[in-house]
Amino acid sequence: MISENKGNKKARYGMSIDVDRCTGCGGCMVACASENNVAPANPGANDRKGLTWIRVFKVDNGQEYPNKRSVFVPMMCQQCGEETPCYLACPQQAVDVDPSTGIVGQMPERCLGCRYCMAACPYHARYFNWWDPVWPAGMEKTMNPDVAPRMRGVVEKCNFCHGRWHAARQKAAASGNRVLDPADYVPACVEACPTGAIRFGDLSDASTEVARNSKTPDSFRMLEKLGTEPKIYYMSKRQWVKEIAEAPKLTPQKEPARG
Amino acid sequence: MDKDFIARGMQRCSTGKFLLWLFPWVALLIFGVYSAALCLIKGLNQTNMDNRFAFGAWIFLDLTVIALGAGAFFTGFLLYILKMKELKAVINSAVVIGFVCYSGAVVVLAVDVGQPLRAWFTFWYPNVHSMLTEVTFCISCYLMVLLIEYIPIVLKNRKLREIPSMLVFEHELHKLIYVLAAVGTFLSFFHQGSLGGLYGVLRGRPFAFREHLGIWPSTFFLFILSAAAVGPSFILLTTWLVEKISRKKLVPPEALRLLGRVSGMLLSVYVLLKCVDTLIWMNRTSMVRGFVPAQYYAFEPFGEWVLFAELVLFGIVPAAILLVPKLREKTGWLVSAAAMACCGVALNRFVQTIQTMALPTLSFDKFLMYTPSWQEIGAFLMVVAYGVLVYSFSFRYFELFPQERQLRIESAAAKPQHETAVGGR
Amino acid sequence: METNRRDLLKLAGGAAVGIVFTPVPWRLITDAALWSENWPGTPQPAHGPLTARYTNCSLCPAGCAVRARCISNRPIGMAGVAGHPLSQGALCALGLAGHQAPYHPDRLKPASASAAPVAQAIAKGGVAVLDLRPGRTASWTYRRAMAAVKGLYVTAPQPLPFAYNLSAARTVLSIGAPLIDGWGTPGNVLRARAGFHLIQADSVESRSASLADTWLRINPGSEPALALGLAQILLQRKPKAVPAGMAEAAAQMTPARTADATALSEKEILDLADALFQNGPSVVVAGEAAPEAAALNALLGGWGQAVVARQEAPVPESWKTAAPATELASVPDGSIHTLLIDESAPGDYIPWGVIAKKLARGSSSVIVFSWSGTGYARHANLALPTAVFPEALDDLPAPADSPAAAFRLSAPLVEPPAGVVNPVEVIAKAAGIDASAALRERADAIHKTARGNLFRYADGVSTPVKDLKPEDFWNALNEGGCWIDTAQAGAPPLPKWVPSASAAGGADLAVTIVERRFAGAPGSPLMSKVYKESNLQLGPNRAALNPATAAGLGLADGARAALTTAAGSCEIEVILDPAVSPGALEVAAGPEVLDICGAFARAKVVRA
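Chains as they are written, first to last, in the working numbering: chain X, 1 to 259; chain D, 1001 to 1425; chain L, 2001 to 2608.
Honestly, the hints are just simulated from the structure, not real lab data.
Glycine included, each C-beta is placed from N, C-alpha and C at the ideal position.
Heads up, some of the hints might be wrong.
To be verified - So, partial list: chain L residues that the calculated Cβ filter (under 7 Å) puts toward chain X:
1. W2039
2. P2043
3. P2045
4. H2047
5. L2096
6. Q2100
7. Y2103
8. P2105
9. D2106
10. L2190
11. A2192
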């Protein structure tokens, strides 16, 4: 992967998610699963044993009606740029951080299934294949050939739709370009979002919308103080929403019932 | 009929009685193998672990078992390197316990991973940054060392000694014992530390994350120290237990007291450093990352009592008992303190593994609990049964306690006709 | 020289050491790794040429435009069509994985079931067709067929006589409608959302309530009371148009009584009326069974601007002799001998009890055309499997939030499996009419008016219809296009005042139905991501209760329980949610639940 990009400008892909615009429709979750060949739920699966590379949580301000306010927060791999916890945890290099894109990759074919990376991730963005993936008869015809399906016993997670990145690179290479066209590389959740709440692009390119969004005073990152330099920037105009990025509060918060 | 295999001068129970003793353990082993097979064949959906509770009972028990198994390396270290000759009385038993603990832990780990067939990838594509790589390398190597240390004990068996080449082999191996003890000690120190590092490096889990000294977090050193402290206690405890079950005097009381004294000294150093570490973690490490430590103890059932139990009840108290010579003299105090020390290290491993997983990291996370499934418990019981069986066979056919014969003659001389040969095994 | 055993051993040892320095062992190890990557049973998706194809999603009546990414012409991913005048490039979760709907395990398996009983039943007489998505060309065919055999064409309920123009509204009051959660055309609503102030009166914190500017928590079942109470206040401000009978109905509903019924304060109700009155144009969007709320629109400033007469795409003159549409409610009880239900194009799910009442006692039979085994097929004497999106050709009527008439096709992207039947073909043939080219005839009729524009999905270009040949118009519609009328819709006729069934009282829990989207269409198996593998949405047959209420009933989180109403009982899973009001019950829509919970139902929940 590294050698492929020799001589190219290094990108630092990231996202900005405007939580004030998220309607919690779940379109990103379904589009992601469809794009990345994530199998439908096993009959025994629940919200703790499922596979949702991107998961939308409903988070409230902890107050009672009429002061209660809720937002929807999509959570996926935050693509940590420094001290990447999962990358440092994996004993056999099944996790890599691509220096040319900044994307934290996961190689399920290399994965032993020890789940140490899951213990290491503060965002719970990694998912384990507790069952053999099963597609209902015929549904394999709708699978995306650009993404290899995973097997039981390995960990998987968001990789900013690596299949799409690869296709965009091939397209760029075919037309003799060394830099890929941003319009060709858009992750499935970004494409699916009906309100445009999720934006994607190169954070190192100041002209992109994400780079501008990441610098607004409304933007914040989840658990920024851990020092892992995540590349998903959330945005909200509301102060209480910005505070959900902090560590859990002293008093055990009321458990979010859904999400 | 198996009398020919039992060492001369040792008294062991009848074959029938021995088989009777084995029966429940074999049954347990079969149940355990069935549970483990379910996990291997049907997958880890047989467990109650989940995406948030990615590590469960197995990891906690593995860490505990390995800490307790540290008695093997540490006793070897005390005997061969620090030349504490009294410990010759327990060294063989310690090696068997170490072997049982480590091999058992490796078996459970093999069930715990999703793709056991790829376990060798760690050696092929090692990630030098990963604590788990360190653990895997050290445990594999140390298991090898323990196996080599175990072989001479087996070869000393009466029947095997009749084969001349075995005798030569055993003699040659014996020359190696100091090298093995040194290598084993190094490996063991290292991987106990790596196991501690496993959680201490988790930047994403501020409850477990600790300040680093060099490339290792403080838990690296605390795990070494705590394992070294309770290893001897566990040897003490098991030896006492074997004496009770077999109704025999196996080691001179001085050996046990020495184990207790070493354990007490190390435990007090450990508890002191653990307290310092906890204070640094509470006031600095955790705070810098925005996590107020009081919040960790705001979720039932993990109140502040956990910290109190770990540091005081199962730390300072047993250390104090073990350090007072008068109390050490009394077997009751000695054994209780050793048991408490063992509980302390188990609690520490529990906190490091289970509580870390249960606590929320994001502000909108739930506090989670999990109960192991029967398959998880079964797979662990398999290892317990395996350990008891290996130890039982070793005790019956090999000289685990070299001074047993001597002690029997002495006590027989003191109290003639009293002891009939009805050992538990 | 003699070779002895020692030499052989030496050779073997040397070879063993030597082989390490050859590539052989390393290659073997790498290959072994590759082998473990091919886990048995994991499908290998086939590669092929990548293309884009366009159609309209027909899983729900919104009919959003779809761009399907196809490999070898098989759709492998769905996305919206940017710039579309109605759906605005958006798709909901159901639509985003719509291409997987044919593979849902609940799909009716194509069997050897014959459609012959349909012809026999029609020949016998006393037949009725229940159309769940009226306004389609297929609906016209059913009407023509019923005219031919003197049968009944039934809908339930009739589409509203008016359409909303949300982009002209400045204030929107949603009384229990899932406004931001699947109402109308999601993309259109979301686009207009920036321009209006949203007040959501809802008994639960629905997604629309979460996202509204103001959420008013009202008692479950008090929706009609709130509408009436508002009407009472607004009537005093001398509105230009008042639906007949409304003044009399609202007279008794003083703010104090409204406050009592809804659990809002009098001030909140007066403030709400002020907000609607002063910050117009205002519209009221109602959820189920609140005709009062719909009629409220006439009292507000939006009549004729934000609320306009509903338009239907033109039809050929010859069709106009078709049978009229009869509302299910006005069909006499026990009068239908054979009921044909077209569930291939699902709309609002009507509780089975409501339909069953209309069937003749003893001798009636029900034939259902459906692709889902979970809907009316459960109650049918004969269930005939049909094609599902994206296998079938159908058209989609303009949704409630389209102020102009529209015509678009849901053109198939894949072949339907063998053994499925086409309900329109079967019914038309049995009635002896030829409707095989009905869609083309209608397209030609639209073309003949020379009105409106055609929006082509592939290039995003809008072309006036008058510049197109009929053939090109038809082809464009099939390849992904949407015709939108340019004729200005005027003010709708004043609606008649129709009071809704009054809310049931009693000590039982007041039921609020949420997630209606799941009711009609199971959709892709991947929908499990949003309600099974996460708790984002309430899954089918799950019910949320306030923890205090649940404790009183002895129910724990995750408990299985029986939900019992006056109409029957079904099994549910209990979820505790402090956001649900005490004494209320939030249930996800599903055929079993809807069969027993009509509007404003009250239910008992007992641990199973």
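Hint by hint, here is what the structure shows:
Interface hint status for W2039 (chain L): upheld, as the beta-carbon distance to the closest one in chain X is roughly 3 Å, under 7 Å. Taking 7 Å as the C-beta contact cut-off toward chain X, the hint placing P2043 (chain L) at the interface holds, the least distance being around 4 Å. Interface restraint check for P2045 (chain L): the shortest CB-CB distance to chain X comes to about 4 Å, inside 7 Å, so the restraint holds. Taking 7 Å as the C-beta contact cut-off toward chain X, the hint placing H2047 (chain L) at the interface holds, the least distance being around 4 Å.
Proximity of L2096 (chain L) to chain X holds as hinted, the smallest CB-CB distance being about 4 Å (cut-off 7 Å). Here the hint on Q2100 (chain L) is kept, as its CB sits about 5 Å from the closest CB of chain X, short of 7 Å. Given hint, Y2103 (chain L) at the interface with chain X, holds; its Cβ is 4 Å from that chain's nearest Cβ, closer than 7 Å. Proximity of P2105 (chain L) to chain X holds as hinted, the smallest CB-CB distance being about 5 Å (cut-off 7 Å).
Checking D2106 (chain L) against chain X by beta carbon gives a least distance of about 10 Å; that is not within 7 Å, so the hint is violated. Here the hint on L2190 (chain L) is kept, as its CB sits about 5 Å from the closest CB of chain X, short of 7 Å. Given the 7 Å rule on beta carbons, the hint for A2192 (chain L) is violated: about 12 Å separates it from the nearest Cβ of chain X.
Checked against the numbered hints given earlier, the structure breaks hints 9 and 11 and satisfies all the rest.
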